[in-house]
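Chains as they are written, first to last, in the numbering used here: chain A, 1 to 362; chain B, 1 to 417; chain C, 1 to 297.
Since the hints were made in silico from the structure, they are not lab data.
Don't take every hint at face value.
[What the hints assert, rightly or not] Listed next, the stretches of chain B that the computed footprint assigns to chain A, with coverage defined by at least 3 CB atoms under 8 Å from CB atoms of chain A:
id: 1; stretch: 85-96
id: 2; stretch: 160-167
id: 3; stretch: 178-187
id: 4; stretch: 395-409
[Unchecked claim] With a Cα cut of at most 25 Å, we get these calculated DSS-like pairs of lysine-lysine:
id: 5; chain 1: B; residue 1: K415; chain 2: B; residue 2: K193
id: 6; chain 1: B; residue 1: K159; chain 2: B; residue 2: K415
id: 7; chain 1: A; residue 1: K134; chain 2: C; residue 2: K291
id: 8; chain 1: A; residue 1: K180; chain 2: B; residue 2: K93
id: 9; chain 1: B; residue 1: K335; chain 2: B; residue 2: K349
id: 10; chain 1: A; residue 1: K26; chain 2: A; residue 2: K10
id: 11; chain 1: B; residue 1: K159; chain 2: B; residue 2: K349
id: 12; chain 1: A; residue 1: K171; chain 2: B; residue 2: K159
id: 13; chain 1: A; residue 1: K171; chain 2: B; residue 2: K415
Here the structure is a predicted model, which means the values were calculated and not measured.
Yeah, the Cβ is synthetic: ideal placement off N, Cα and C, and Gly gets one too.
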Amino acid sequence: MFHRESGIFKTTYAADMALYPLPIAKATVAVIAAAVVLLPFVLGALMPALSANYYLSIINLIFIAIVGALGLNILVGYTGQISIGHAAFMSVGAYTAANLAVRWDLPFWITLPAGGLMAALIGAVVGIPSLRIKGLYLAIATLAGQLIIEWTINHVPAISGGAQASIEVPKPHLFGYEFKTQGQLYFFLLFFVALAIVATLNLVRSRIGRAFVAIRDQDIAAEIIGINIYRYKLLAFAISSFYAGVTGVLYTYYLGIANYEQFQIVVSIDYLAMIIIGGLGSVLGSVLGAIFVTLLPIAITWIVESLGTLVFEMQQIQHVVSNVRVITFGLLIIVFLVLEPEGLNRLWRNIRNYFRVWPFSY
Amino acid sequence: MPSKGLKRLFGAAAAMALSGTPAGAQKEITVGFQSDRVGLTQTICAVICPAFHDYMALVNSKGGVEGYKIKVLEIDTEYKVPQGVEAYERMKKEGAVAVALYGTAIVAALTQRLNDDRIPGTAPGFGNAVAADGRRYPYLIPMAAGYWSQAAGGIQFAKQALGGSLKGKKIGYLYIDNPAGREPLPILETLAKVEGFELRTFAVPAPGLELGAQVLDIAQRYRADFVMAHLFGRSPSVAIKEFKRVGYPLSKVLGFVWSAAEADVEAAGGFGVAEGYYTVQFAGVGPDHPVRAEIADMYKKEGKPVPRELASTVYYNRGIVWAAAHVEAIRNAVKAKAGGMPTSEDVKKGFETINAKSLAAVGGISPPLEITADDHEGGGWVQIFQVKGGKFVKASEWMQAYRDVVKKHLEADAKRN
Amino acid sequence: MEWEFTLLLLVNGILIGLMYALIALGFVLVYKATDAINFAQGEFVMSAGIIAAVVVAASTSFFLGVVVALAAMVLFSFLLERVMLRPLLGRPIVAVIMATIGLAALLRGLLPLVFGAGTRPISLPEFIGEEPIALGPVMLQPVQLVGAGVSILFLAGFSWFFLKSRMGIAMRAVADNQQVAMAMGINVERYFALAWAMAGIVSALGGVVWGSMLGVDVHLALVGLKVFPVVILGGLDSIIGAVVGGLIIGIVENLAAGYIDPYVGGGTKDFAPYVVMIIALMIRPYGIFGKRKIERV
């Protein structure tokens, strides 16, 4: 990530698609991995436990968001199919896992894939209209999917676990070890985030991933060159929903409860914002977008509070803080779409390209 | 404005220098307060949240609680769960001894965490009715009548209104079709058996911007003798209008706690249109309470205009009761520690020692709450108000209804899980 | 008695359906002329409602409120087209959808910040009033009649505009093929601006009508969700489709509430329209009156 190549010397397609473009990339990845693993210990050493705990809780929320954003990006960014009902797939995963965990006392390494698979199944069903319709019609069909899934969960006590539509689940445990504190959950989530990132990186450079991109760019042309677009569109929905389901399960374990109000349309919109701001059709973009959108409200609150209290009393700006947050959120989406459609990922590439020849830029 | 801010800064610095101790750390108690100023419940927060702050400011202006100032750390959550979790963790970091929670989904998401961290969280009007069970949810304190107690209160009132017996009467239950809306159903079903009335439910899918068909059904096909309306958002106004349209008397309609604020009545066409409409409340309504005058005076003394929010008495008064419960819990905690700095666990015990006299400071706005380790609902007190002559008028005293039925349901639910 | 109840449900459905059509019209106008999809339609309506409510409260004149709301929405739509939508021309549909979702967030943050978050009433003028009007067994809410009236008026007006007027025909040409239209000497950009201004007018009146029915606050934006089944059913680019779609959805909702709810024990009112919509999508992917687009590689 921080290395700079001196030119392009690739002679085969295989080399072009390689996960590590240069041998040194392995070192970069190793450094990042080590940094991420060591982070909780560093935080713990630097500050009081409560503060470290707070920062870890934010990172944990980011981790969960990354998994969801990656999944949505596979569908929207890579395959070009829009879904505004993604939060519903999360709820499918969440309730599947919660029911399995509570009724049959199954451990997370069964409930988690089960939640993902169930979401994938439902996702493929919701994706069926994509075979005939596209664009706005599809967007609205997925919105309908969201409403219908919400309604079903809400009205079937066997799924929702009763009138309150919330199921409390025990914390995840492995071989008797319980992931309970933010620090422990950090590693629990980190494992799945790493898995999701690696899986996505590999998926998009596989045959399937290339078929997705072909469908995105022009589905009729893709069909003509022999891609079974029906199969691949459904597959995109299924894979994307699998990620969403897993996200839902992670949420459920992280919070200790599956609740249907956690997965409403606003959540779908937050995730769409992540991939738009981060960069459509980019793994790094999904990660950056998830970080950005999760941190944005926190950062704005912090900025407005620390600058604003110099001039105003807290009570006066309390109201403003929240509105500024929402306005900035909306503005950022628009600004990115209008000015930098490829998102943070592109900004990052621009910076890299600038430094590639720095300081001799001419 | 900048000069004032600078003055404040200098003032604070001077105070610190004089006292010689870090002024904030020693004599301040932090209370976390989650709010929703931009999400879907912003219309409620727009009144409740300032009320919460105003009451705390009033207490501080009178010297605080047993020598401690109360600092309210408000963080807006937009009614979203991740933000709620983050806000809670930040409050924990800042050493909040209690957290006022806002939003049913957030309450659900934080319930386990409150237990793990031993921090009491309050949620009047949010969250589940079963949270009233203090043994099951030791750190979640609804501190006001939940939907079960409200439903029970509503039925008791209907019984009086319909002449002392509900035998053979038809009661319609009009509700937003979500978990919160369905929550009172088990209580209503049990009471239907106990009192021998017929119950029919009329679901309104959220957000309920149009409920002509349901109201028509109640008035023309079912011909209900009494209606309980458990609606949120804009739907209460629409319901009032629709009842008026089909000619169903509003004096046979009783709205639950989120379906009758001044603004809802205004939006329905004004108090004249809604004449007769009943509402169940867990905090007193109306402007005639001394504590409200004290808050207005506090503003006048500081040379500021009296806040507009005061005019919306339903939510404003609710905010006062909410804040006052925190103040009294902290007072109990400080007293129990003989003036020492209370921990969050002390404050939890402080909540559980709130008795009928504790909230005397806010007068008739608050019911005689009596929170115990078992009963976090404080007795399930409700009061019925009616729209009459351009304002809300008391239609009953504070009352507790069918406590045995509610308790039985709480126990049954605890056993089930 | 049963037939009377059914009749009442139908009347309900028709009136509310026409009010849905009012919101949907704004959406259809923009799509028809500029191919842009406005996910912020609900927020447009909310903004207009808030502005109207503030002005009505301040001036006690209902008509001044309507005029100011109209002017504000037209101005805003112009501005929006210029700043946000023009740069997005020719970009994937996802981009426009997301941009308008961003716009929705922006409006939801901005208007309560400027005007306050509380709920406000919009009271109708004296001669309309709040008292229900009786027509035999049918009781009608005045505001719904106003909404239905405005809707029908717009239907007639826009139909005439697109079929007969020179500008309307030019706008259809623009919608059909921008390049050819440009070659024929039509000022495409001006017609885009005009289409948005028309959508602004429709939203403003929608905001006033819905606002006086519900009361005005951020919840008013939720009427935007009603647009989708309506326009999909009617066809995205058809004015008459918006009205027919609105009527179908209104009637389906009311019949579902009256005859399905009692059997399933839950509210199917918001859910039924979407089921109808999905079925319609499978049979006629471009809506009842929509134009089928032929795609070329």
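### Task
Three residues minimum, CB to CB under 8 Å: does the stretch 178-187 of chain B make the cut for coverage by chain A? Let me know.
holds (count 6)
### Query
Has the given pair, K159(B) with K349(B), been kept, meaning a C-alpha gap of at most 25 Å?
37 Å, violated
### Query
Are the Cα atoms of K415(B) and K193(B) separated by 25 Å or less?
22 Å, holds
### Query
Is K335(B) close enough to K349(B), meaning Cα to Cα at most 25 Å?
11 Å, holds
### Message
Can you tell me if the stretch 85-96 of chain B counts as covered by chain A, using C-beta to C-beta distances under 8 Å and a minimum of three residues?
### Response
holds (count 7)
### Query
Under a C-beta cut-off of less than 8 Å, do 3 or more residues of the stretch 160-167 of chain B approach chain A closely enough to confirm the stated coverage?
n = 0 at 8 Å, threshold three: violated.
### Query
Is it true that the CA of K26(A) sits at most 25 Å from the CA of K10(A)?
17 Å, holds
### Task
Please count how many residues of the stretch 395-409 of chain B have a CB within 8 Å of a CB from chain A and say whether that reaches 3.
Per the Cβ count (0), the hint is violated.
### Holds or violated: K159(B) to K415(B), with C-alpha atoms at most 25 Å apart
31 Å, violated
### Query
Does K134(A) pair with K291(C) here, judged by a C-alpha cut-off of 25 Å?
Holds, because 15 Å separates the two Cα atoms, which is no more than 25 Å.
### Task
Mind checking the alpha carbons of K171(A) and K415(B) for me, to see if they're no more than 25 Å apart?
Holds, at roughly 21 Å.
### Task
Take the C-alpha atoms of K180(A) and K93(B), compute the straight-line distance between them, and say whether it is at most 25 Å.
18 Å, holds
Violated hints for the displayed structure, listed by number in ascending order: 2, 4, 6, 11, 12.
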